[in-house]
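Undergrad: Now for the letters of each chain:
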Amino acid sequence: MLNTNHSRRRGGPRRGLPPQLARAGLLGVGAALLTGCGSQQLLSIGDLSSAYNREMFWMSVWAIAFSIVIFIGVSYALFYTVRKFREDRNDAEPEQFHGNNRLETILVVVPVLIVMLLSVLTVRTMARLNPTPQNAVKVDVLGKQFWWNFGYPAAPAAAGGNVTNGNELVIPTRSPVALTITSGDVIHAFWAPNLGGQRDATPGTHKTWQIDTDRAGAYQGNCNVLCGASHANMRFKVIALDPEQYNTFLQAAQAYRAPEPAPGSAEARGYTLFMQGNPATGALACAACHRVQGTPAAGAAGPDLSFFGTRRTLGAGMWEGERAQEMLHGWIKHSPALKPGSLMPAYDGQEYRLNGKVQKAGLLTDAEIDDIAAYLRSLRLPEEANYWRDVPVTSQNASAQGGNP
Amino acid sequence: MTVQHAPQSTAAARRGAWEVIKDYMMTTDHKKIGLLYIFVSIIAFGIAGVLAVALRLQLALPDQTFLVGQTYNQVLTLHAAIMIFFFLIPIGLFGFGNFFLPLQLGVRDVALPRVNTFAVWLFIFSLILVITGLWNGGAPGVGWTFYYPLSVDGNQTGTSVFMVAVILNGIGSLLGSANFAATIINLRTPGMSLWKMPIFCWAIFSTSLLQLISLGGLTAAALVTFLELKLGLSMFNPGIGGTPILFQQFFWFYSHPAVYVMLLPYLGIGAEIASTMARKPLFGYRVMVYSLLGIVLVSLLVWAHHMFAVGLPESWQIAFMVATLVVAVPTGVKIFNLIGTLWGGRIIMKTPTYWLVGFIFNFLIGGITGVSLGMIPFDYQVTMSYYVVAHFHNVMMFGTAFLAMGGIYYWWPKMTGRFLNERLGMWHFWLFMVGSWMTFLPQYLLGLLGMPRRYYTYPEGNFAWTELNFISTLGALTLLAGGIVWVWNMYQSLQKPITASNNPWGGFTLEWTAASPPAAYNFAHEFPTSFPTERPLYDWEKSGEKLTPVDPRTIHLPVDSIWPFLTALALFFMGYGLSFGWFTNYTPAGGLQPFFNAGASHVFASIVLYLSIPFFLWALFKWAGTREYAVPVEHHHLTKYDNGFMGMAWFIISEVGLFGVLIAGYVYLRISGHAEPPALRPNIWLAALNTLILVSSSFVIHKAEQDHHHGRYTWFRLGLFITLILGALFMIFQVYEFALFGHESDWKQNLWQSCFFIIVGLHGLHILIGGTGIALPYYQALTGKMDKYNHGSLTAASLYWHLVDVVWLFIVAIFYAW
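In order, the protein sequences belong to chains A and X. Going by the numbering used here, the first residue of the first sequence is number 510, and it counts up by one from there. Going by the numbering used here, the first residue of the second sequence is number 34, and it counts up by one from there.
Derived from the structure by calculation, the hints contain no laboratory data. Mixed in with the good hints, there may be bad ones.
[Unchecked claim] Reference listing, derived: stretches of chain A covered by chain X, where coverage requires no fewer than 3 residues with Cβ under 8 Å from a Cβ of chain X:
#, stretch
1, 571-582
2, 591-600
3, 626-639
4, 656-670
5, 691-701
6, 736-744
[Said to hold, decoys possible] Among the chain X residues that face chain A by a calculated CB cut under 8 Å, a handful are:
#, residue
7, Phe369
8, Phe394
9, Met408
10, Phe411
11, Pro485
12, Tyr491
13, Gly494
[To be verified] Quick list of simulated restraints, FRET-style, between CB atoms:
#, chain 1, residue 1, chain 2, residue 2, range
14, X, Val83, A, Thr714, 38 to 48 Å
15, X, Gly187, A, Gln785, 55 to 65 Å
16, A, Ile581, X, Gly187, 47 to 57 Å
17, A, Gly839, X, Leu625, 51 to 61 Å
18, X, Leu625, A, Thr714, 25 to 35 Å
Positions of the beta carbon are idealized from the N, C-alpha and C atoms, including for glycine.
Could you put the whole structure together from the sequences, leaning on the hints where they help?
TA: Here you go:
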C-alpha cells in the first residue's frame, strides 16, 4: 500500500490561523503579508517583490476596477428588477414592449470599449514582460516524472558538465532569470507564483521564460500540468540569494567535486554501493540514474545529486528539513511506496507493483542503505556556499526544525 | 382534465419493467428519446457528483490518504468526462432539445426519428463503455483533456476506451445535431418563419451548428491518440518530429466551443423562463438571436486561450486574447436582455424564476473572472490553478447547470403532468446556491494563493490552503445534500397523480398547447398560420385566432423499430472490441507481440470486435429494409429537399470539420519542416487512376439518382451497382498501396508516413462507410422498398459519396502531388 501520509507525525493542535479569512481579503498586498504569517509560507501571485507581479498588478488594477463597477451595477439592476416587479409587489399588468434599441446599442458599445481598453493594456504589459532581457541569468530547466533538474549553462563545472541541482533552484535577486524549459517525458509546467508567471515544459521544445524577485528568500514552486500519479508531488524550491552570495554559491559549485570519503568509513562503503550497486542481489547502482559532480556517476534518468547534503528537501519537495532526514532511509529502501508512480527502483528485495506492472526489487540491507544515506549526506557544498544558510525559511518545516510543532 | 388522464397513468404504471425498457429501446418518439437523454444525464450527474464529493473529501485536509496518486487521477478524469460529455452537453441540447424543439415548432417529430433513436442509444452505450473500463484495467486517469504524451504514457490505463467512447458519443451527438438543424429548416409548422421561432429553438439551432462545425477537433484528437495506442501512428510524437502542442490545438478547437455547447441551450431555457414568468415578450428578441450566432462565430476563434502558458508566438496569443475578450460582449448582451425581459413584468416567483435569477448572478461572477483570464499576463499566473477550476465551475456548475435545473422545474409539468414541490424546490435551490459559493469561491482564492489544479494532496503549512480547502469540502457536502433533496423531489412528484393543466405557467409558445404530458402525436389540433411575433399564444389570444381540432386517428406516426437500437448495440460491441482488443497485439511500451501472447481479455475483446462487424451490417440492413411509416404518408417539408438529404447536408459539415482539422495539422507539420516524405513514397500514377475511378463513380451515382427520379429503375439499380464496383476497385488499389508502403518503411519512424496513413486511412474508412451507405438504397431497391415517393436513403448516400470524392481530391493534392 502506498503510504504518502508524510506528516501525520505532527499531530497535536493545528497551528491556528484564526484571522485567516480577514487576511485572505488582503491578498493583493502579498509582500506585506509575508512578514506577518509566521510559520506558514505564503504562495501568492500578489507578491510584489517580483517585477513581473508588479507589472501584472498595474495591468489588473483597471480590470479589477471595471469588474467591481460591472458586478455592482449588474447585480443591483438584477435584484432591483426582481424586487420591484415581483408578483407580490407589483400587480400592474405588464407592458408588452419588445426592447429598446438605444439601450441595446449602449450595452454593446460600452462593453466593446472596455474590452478594447483591456486588450491594449494586455498587449502593453506583454510587451514589457515577454521579451527575454539580454542580461538575464540563464538556467536550463528539465522536468521529468516527477522531479526537476536546474542547470546553469553559463557555469561549467571544473569536474565536467554544467553546474546542476535537482529540485532546488538558486537564483540571484534583483536580476531577471531566464529559464529555458523543457521536459524529458510528458508535459509539466514550472510555476512559482511569487516569482512570476508559469510556462509549460513540453517534450521536444525549449521555451524561455523569465522570473525575478527583489527579496532574498525561499519560494515554493509546483508542477502545474497533470503529469501522472505524483503530479502533486513534483514540487521545487527557488532560493533567491543576494547577488554576492549567489556568486559565491556559483563559484563554489563550479569548483565543487564530491568529497572523497575516508577509506573504511560508512561514506566509503556507501560510495561503493552508489557506484556499483550490488549485482549479487540485483540492487541497481544509483550512479546509473543519478549524476554526482566530480565522480564517475553521470546518470541522467534521475535528478542530479551533486549537492544532496546541502539540500533541504527530499523526493521533489515531499519532505523538508528534519523530516527529509528522517525519510531518507525509507525513501532509498522503497520510494514507490512513499511517492506514487516514483520510477526509482526499490531496494527491499520484495516484489511490488509499479503502475500496474510487477517489479522485483533488488536487495540492500538496512546497514547498506544507511551507508548510502551517509554518503549522500556527505555531498555538501562548502559552508560559505550553503544557499540555505541565511535564507529566512518560511515553510512548513520551519518550526518543525526547531522541534516545536 | 384529471379525470380524463387518470386511466392513462394507471395503465402506464401497470406495465412491467421489461415492457417499459422495450418501449424505450424501440421508440421513435422524440419525447421519449428526450426523456431518455434527461434520465441518463441525471444519473450521470449523480455519479459524477458523488465522484466530486470523493475528490473534495480527499482534499479536505492536508496529506489525506483516501484517494492517492493514480486513483485520484482516475476519479478526477471520470468526474470531469462524465459531467461534461454525459450531463451538461446532453441534458440541454439533446434532453430538452429533443423533447421541446418539435413541440415548440408545432410538429409531430424530428426530421429523422429513427436516427434519433440510434443517436440516443449510442450516447447511452458510450457511457456504459466508459464504465466497462473499470474491469478492463481501470478508468482513464489522464484528465478529461487527455493531453499528449501523458495519454500514451505506458503507465496509463483506460485511455483507449476513453478515446473510443468519445468518438462514439461524438457520432451520436453529430447525428442529433444534424437532426435538429434539419428539423428546424424543414419542419416548422406552416407560417412560422425562422425569425418567429421561440428563442429556445434558436439556441438549439446555434448549438447544433457549433457542434457540427467544431466537434471534428475532438474526434481528430481522440482518433490520433487512439491510433498511436493501437498502431504507433502519431502526429504528435516529438521523437519523430511531431509536436505535442498540435494535440492541444486539435483538442481545444472543439473543447472551447464545447463550453458554449454547454451554455447556449441553457441561455435559451433561461430566456423562455424569463419571458413566461415575467409575462412579457423577450427584451430584444432579434438582438438575442444575433448574440447567439455571434457567440457561435467568436467561440470558434478563441481556443488557443487554453494554451497561453505553452509559449505560442505572441501574435497568436494576442489574436486569441482579443477574440476571448470580445466573446464577453454577446454573452453580456444575453445577460442584460434577460434582466431587460424581467424589467416591468409581473414576475411569478416560483422555483424556475429562482434558478434563473441565481444563474444571472452567478454567471456574472463567472463572466467577469473569465475576462480576467483572457488578460494574458494574469493567465500566465493562474492558468491550470484552482482559479481556473473555480472559474469554469462558476460558469458550468453554478452557471449553466442552474438553468438545467431551471429547465427541469419549468418544464416538469409539461414532461410529466405533475408539479415539483415548491418547498423542496426552494431547499434544493438554496442548498445548491450556498453549496456552490462555499465550494468554489474559496477556490478562486486558492488559485491566487498558488494551488495547482489536479493535485491529489497538498502539504500543511501553505498560507490558508488548509482552511480554504476545508470550506470547499463543506460546500461540496452541501451540494450533495441539495442533490438528495432534488432527487427526492422528483421521486415524490412522480408518485402523485397527473394534475397539471396544458399551460400551468401561462407560457406563450406552442408546447403549452399540448396535453401535459403530451400525447404521442403531440397535438390534436392544427395551428393558425399567422405568427406576428415569437409568442404565438399571446398573439392569437389578442387576435382571437383559434386552434383547429384534428381527429387523432388521422395522424400517422413513425412505427417503432428495434433496428436502430440493435445497430447502436453493434457499435457498442465494436467499441468494446476496439477499446480492449484489436486486430493485432500492440502496445506503445511493448511494441508488436504475437497475438495469442496477449491476455485473455484482449483475445476475447478482439473476437467481439470481429463478430460485431457482421452484427452491425445485419442490423443496419434490417433497419434500411424496414419502412419508417406503416402506411404510405405524404412527407411535407418546407424546402424542396427531403429530410434524409437535409440531415446529411448538415452532418457533412462535421466531416468537413474533421478532415479540415487533420489536414490543417498535416499542412502545418509539412510547412514547418517536421514532416518530410521518405525517399520511397506512394506512386502518383496509382493515385491518379484511383482519382479517375472515384470521380467517375460520382458521375455514375448522380446519373443513378436522375434515373430514379425519372422512374428508370433498371438503369438506377445498374448505376448503384457500378458505383459499388468502382468503390471496391478503389479500395483494392488503396489496400495494395498501403501494404506496399507499410512494408517499405516504418511508420513509427517517419512523421510524414504516419500522417499519410492517418489521413488517407481515415479517407479509406470513409469509402467503406460511403460504400455501405450506397449499398443500403441498393438493397432497398432490390427488395422493392423504393418508388417515386420513397427515396429510401438514396439522396443522403449519394451526397455523402460526393463528399468522400471531394475529400479525395484534396488528399491527392496534399499527399501525392505535393
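Undergrad: Against each hint, give a clear statement of whether it holds in the structure.
TA: Each hint tested on the structure:
1. 571-582: Since three or more residues must qualify, the claim that chain X covers the stretch 571-582 of chain A holds, with 4 doing so at under 8 Å.
2. 591-600: holds (count 7)
3. 626-639: holds (count 9)
4. 656-670: violated (count 0)
5. 691-701: holds (count 5)
6. 736-744: holds (count 7)
7. Phe369: Since chain A brings a Cβ to about 5 Å from Phe369/X, closer than 8 Å, the hint holds.
8. Phe394: OK, holds: Phe394/X within 8 Å of chain A, min 6 Å.
9. Met408: 5 Å, holds
10. Phe411: Hint holds; Phe411/X Cβ to chain A Cβ min 6 Å, cut 8 Å.
11. Pro485: 5 Å, holds
12. Tyr491: It holds, given that the least Cβ distance between Tyr491/X and chain A is near 7 Å, below 8 Å.
13. Gly494: 3 Å, holds
14. Val83/X / Thr714/A: 38 to 48 Å: 40 Å, holds
15. Gly187/X / Gln785/A: 55 to 65 Å: 28 Å, violated
16. Ile581/A / Gly187/X: 47 to 57 Å: With a Cβ separation near 53 Å, Ile581/A and Gly187/X satisfy 47 to 57 Å, so the hint holds.
17. Gly839/A / Leu625/X: 51 to 61 Å: 40 Å, violated
18. Leu625/X / Thr714/A: 25 to 35 Å: 29 Å, holds
In the structure shown, a violation is registered for the earlier hints numbered 4, 15 and 17, in ascending order.
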